[in-house]
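In the working numbering, the protein residues as written are 851 to 1151.
Keep in mind that a hint or two might mislead.
Restricting the straight-line Cα-Cα distance to at most 27 Å, the calculated cross-link-like pairs of lysine-lysine (DSS-like) are [stated by the list, open to error]:
| no. | residue 1 | residue 2 |
| --- | --- | --- |
| 1 | Lys1005 | Lys994 |
| 2 | Lys1060 | Lys940 |
| 3 | Lys1060 | Lys1047 |
Derived CB-CB ranges, DEER-like [said to hold, decoys possible]:
| no. | residue 1 | residue 2 | range |
| --- | --- | --- | --- |
| 4 | Lys1132 | Met1046 | 18 to 28 Å |
| 5 | Asn1018 | Glu955 | 32 to 42 Å |
| 6 | Lys968 | Pro1071 | 31 to 41 Å |
| 7 | Tyr1122 | Ile931 | 23 to 33 Å |
| 8 | Lys1132 | Lys1005 | 18 to 28 Å |
| 9 | Asp1049 | Lys1008 | 41 to 51 Å |
| 10 | Pro900 | Phe937 | 14 to 24 Å |
| 11 | Arg963 | Tyr883 | 24 to 34 Å |
| 12 | Asp1142 | Ile987 | 21 to 31 Å |
| 13 | Lys1132 | Lys994 | 26 to 36 Å |
| 14 | Asn1138 | Pro907 | 38 to 48 Å |
| 15 | Lys1132 | Leu1024 | 30 to 40 Å |
Treat the hints as calculated values from the structure; they're not laboratory data.
Just so you know, even glycine gets a beta-carbon here, dropped at the ideal spot from N, CA and C.
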Amino acid sequence: MKLSVEIAGVELKNPVTVASGTFGSGMEYDEFYDVSKLGAVTTKGVANVPWAGNATPRIAEIHGGMMNAIGLQNPGIDTFIERDLKFLEKKDTKVIVNVCGRSIEDYVDVVERLGDQKTVSLLEINVSCPNVKEGGIAFGTDPKALAEITAEVKKHAKQPVIMKLSPNVTDIALMARTAEEAGADAISLINTITGMKIDINRRTFAVANKTAGVSGPAIHPIAVRMVYQAAQAVKIPIIGMGGVASASDAIELIMAGATAVAVGTANFYNPYAALDVVEGIKDYMEKNNVEDVNELIGCVR
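Let the sequences and hints guide you as you build the complete structure.
Below is the structure:
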């Protein structure tokens, strides 16, 4: 059986990675299993300077998933290179670095710093960050802003660029085409869906930020729909995510058009979740006489 897939010229040994922010850089999970068994490790968001993140509480449990408003807390690019990349360079897996920022200049700064890092295979640009120069609107919710940041990052990037799209838009196909036309090598979706929870006993918001990103099984059907719509709109590869907790969830996204998939929230309650998905895809292929996982990509039209 062939499990390898290709994203923008980079071959992954299997189509499974992890969603940014749910796996750190793999160090903690490597205590449970060798993360080299994954097709790629996608790191937590990295900014050009350390970010403290949002006030607590920052996480709340909901039916069918969770909410988070971490605020992309991270130690910054210097610590990331010295600590996280040194760990990952010892692992036999591809490395996708998630990049965040509050201005285009912030993103470009990180992208340039990572340019000579041979351990880094792909860059995932998190456009759900608030653009401070445009009144706080997320880069990924405005086509013009998405096109601008995609084009600028591409000018400076030495690795292929994946634009991570927000689901908090009216037309995901439009955003996918916008990213492709601006030069993106691939796209990933979906990021979390904005939600709110109120603690009725304390009569206050469950999360200090008031709103938070909803993730987990509850959003999976939305992810399948959006991946399908994006796949019909673009020719570049897609990494699908959103509520992937099993191999069947992953295969759904692949059949909808994703070349690879990312496991996110499931990592929090099952540290073996991503590895289980890899093994489950193998089992499915064996039972259904699928020789090459690429045969399944976009097979449902």
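For this structure, which hints from the list above don't hold up?
2, 4, 5, 8, 12, 13
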